[in-house]
Amino acid sequence: MRTPAIAAITVAAALAVTGCGRPAENPSAAPQTAATVAEGPATGELTIWAMGAEGQKLPDLLKDFEAANPGVKVTVTAIPWSAAHDKFTTAITAQKTPDMAMIGTTWMGEFAGLGALDPTPASIDKGAFFPGAWGTTEVGGTSYGIPWYVETRLVYYRTDLAKKAGITTPPSDWDGLKAMAKAMQDKAGTKWGINLQPGGTGSWQTVMPFAWSNGAQLNNGDQWTFDTPQMAEAVKYYQSFFTEGLTNKTPAQGATQEPTFVDGSEPMFISGPWMMSAVEKVGGKGFADKYSVFPMPVKEKSASFVGGSNLGVFKTTKNRDAAWKLVQWLAKPEVQVKWYQMSTDLPSVTSAWQDPALTADTKLATFGKQLETAVAPPSFATWEQVAARFDAEIEKVAKTGADVDASLKSVQAEAQSIGTGG
Amino acid sequence: MSASTIAVPPLMEAAPSPVAPARPGKGRPGEGRAAWILAIPFTLLFLAFTVWPVAQSLFMSFTDTRQKDLRTPFSVNFIGIDNYVRALSDPVFQRAAANTAYFVVVGVPLTLAVALLAAVALDKGITRFRAVFRLGFYTPVITSIVAVAVVWRFILQPDAGLLNTVLSWFGIQGPNWLGDVQWSMPSLILMAIWRNFGTGMIIFLAGLQAVPYSLQEAAAIDGANTWQRFWHITFPLLRPTLLFVSVTTAIGYLQFFEEPFVMTQGGPLNSTISMSMYTYNQFGYGNYGVATAMSYLIFVVIAAVTAIQFRLLREKA
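Residue numbers (my numbering), protein chains in the order written: chain G, 1 to 422; chain A, 423 to 739.
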């Protein structure tokens, strides 16, 4: 019986301590300015965290940097994506961060909100990057890093089946996309017209390009704007693919797009550049000539989702100058091209796309073109949570034919109660 | 009362006991201090790693703590029971609670039944290769959930999965097990039973082997048939074992997390999201206040369910 008593006393003591409550002012609200970076070659030791394949391949690329800056030694710590977010937040809380890191674009708001990231120095030219990608580094008007590599989404389609369906030039607008899906089913005899994600994690990445294309926005300042007519129209358009039987409502759990794309039962889907090698691997030799990609269809404009990863420098670094010099080096067009050849990560620097390594492939060039108009969600710390509620409502809309206006109203109410984390 | 007082021989009271215990606090000097010193390492560890986290999380559940407050855990606002109200009025949390109840109410009795059946079969029926079967039934318990999930996804695959292929031999068109709102939860329950009954089986087996053979023999001589012997002798003697297995299984199932986490991510349409999983998601979003409040709600439910089980299954006096 003594334990509850001790616990009660501890709780009471803890409660007494909290009489003070939150400090009235929010230190992260004001835009921050960055100090300049010193001239000359980088020196000293640097630690950088990188996730997934990037973490494996980065040490090879950095050999060139070390050769150009003899006084520097860079250690790359590769961490798996699944553990990365927890590892970062723990490190930030404990103030044991590396000097710099590869940071997922959707984490920027959270980490900057924690006061962990160093603002980007003015010597880095924001005009060199794709504007949508640069937007992912900005939190509350201040940029905290640079886009390292990018990806965006396009419509993949089977050229051979499209020919059978009587389509030789890919459609450019919403009606054309739907007509093409219908023609695939009716004339080419495919089981489904197009593969679209029926809700679930990340389905907003396929829905939002349509909404952006229709002039909808996710937020206006620090207010969410899910309940606009433009958003509703886009989601209704998305829903119509399911209600008209053009898209499978219940794909198997964990199914990927490659097998059904290759066997022709789903001759179209919307995804990112990594799917090129994935479908060619499943499709085998010669499959590269049986499919192509086209930009997201236009309503008011063509818009897509821009993803990828950023590079950031942590405030706790003891070697700030060298860290930003490495960031600048990684953003050089020739380094970006070399990195593309090593990792197939698409360059975030627009001038790198002039390189023959990227212009030679027409599919890749289409991705480069789409990147100019691709959009990123706002860098709010609460975005992941809001996105999960949005995904859940998309699932209802797609699978059960739920009323779009009611669904969006409920997303809006929940998003507003979750807030923007400011 | 008075009669017994009189009956006490007066001599006894006067006679001093030869080994009279020292009254507490008046023992050899230093003994009490030594006891405290010896207890200090444990006490400190207990305070630091058991009491403190419990106290802090309880405190957190009454505040608006978010992830970015972790470095300054006390400069947060005290908001009373708001987090609890928010959790209880959250439609997804309600759905998660209903799903968890479904999982426990259907899953626990079925798991116990299968475990008991397997234990009886191993105890009486199967004599050859008993060790092989015992190992086989127990293997799912010690297999990684990730490997299990991969295999079960193949089994439950709608078009070419093992289960639907077998069903099609009998002319039955199997459903899209994990993709259908009606069937997703039964699929997970099936998988959970398969994965967990081994533990119960091993404990039941130990319980069965502790039933004295002489009782069985005596009942047999009195003319009791196999079923009567099981129902009137084995089963009542298994009661403590049954209590133990049902309490541990229910606690495990009330916290069920891994199955939806690896198989369905809570979908389709939140039909398999569990309380633990939803709580985990809230921690992931950095809403530590609401998430700890949800954790305490789960704790209260587990405590209540366990108390009920103890009441229903305790030894009859």
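Hints are supplied without guarantee of correctness; some may be wrong.
[As the list claims (entries may be wrong)] Subject to a maximum C-alpha distance of 20 Å in a straight line, what follows is the list of computed DMTMM-like cross-link-like pairs (lysine to aspartate or glutamate): (1) G:K409 with A:D602; (2) G:K249 with A:D512; (3) G:K63 with G:E45; (4) G:K191 with A:D512; (5) G:K301 with G:D391; (6) G:K338 with G:E45; (7) G:K249 with A:D644; (8) G:K338 with G:D60; (9) G:K73 with G:D86; (10) G:K399 with A:D602.
[Said to hold, decoys possible] Residues of chain A placed beyond 10 Å of chain G at every Cβ, according to the derived structure: (11) L492; (12) Y506; (13) G645; (14) L691.
[To be verified] Here chain G is said to cover these stretches of chain A; the calculated rule only asks that three of the stretch's residues, wherever they fall, bring their Cβ under 8 Å from a Cβ of chain G: (15) 566–580; (16) 598–606; (17) 683–689; (18) 702–713.
Hints listed in this document are in silico derivations from the structure and should not be mistaken for laboratory results.
No residue lacks a Cβ here, since even glycine has one placed at the ideal position from N, Cα and C.
Hints, verified against the model:
1. G:K409 with A:D602: violated, 26 Å
2. G:K249 with A:D512: violated, 27 Å
3. G:K63 with G:E45: Holds, because 14 Å separates the two Cα atoms, which is no more than 20 Å.
4. G:K191 with A:D512: Violated, at about 39 Å.
5. G:K301 with G:D391: Distance ~24 Å between K301 of chain G and D391 of chain G Cα, so the pair is violated.
6. G:K338 with G:E45: violated, 24 Å
7. G:K249 with A:D644: violated, 64 Å
8. G:K338 with G:D60: holds, 11 Å
9. G:K73 with G:D86: violated, 27 Å
10. G:K399 with A:D602: Holds, at roughly 10 Å.
11. L492: violated, 5 Å
12. Y506: Y506 of chain A is indeed farther than 10 Å from all Cβ atoms of chain G, at 15 Å.
13. G645: holds, 52 Å
14. L691: Per Cβ check, L691 of chain A is inside 10 Å of chain G; nearest 6 Å; violated.
15. 566–580: This one holds; 4 residues, not fewer than the three required, reach chain G with a Cβ under 8 Å.
16. 598–606: holds (count 4)
17. 683–689: Check passed, 4 qualifying residues.
18. 702–713: Three-residue rule met by the stretch 702–713 of chain A, so holds; n is 5.
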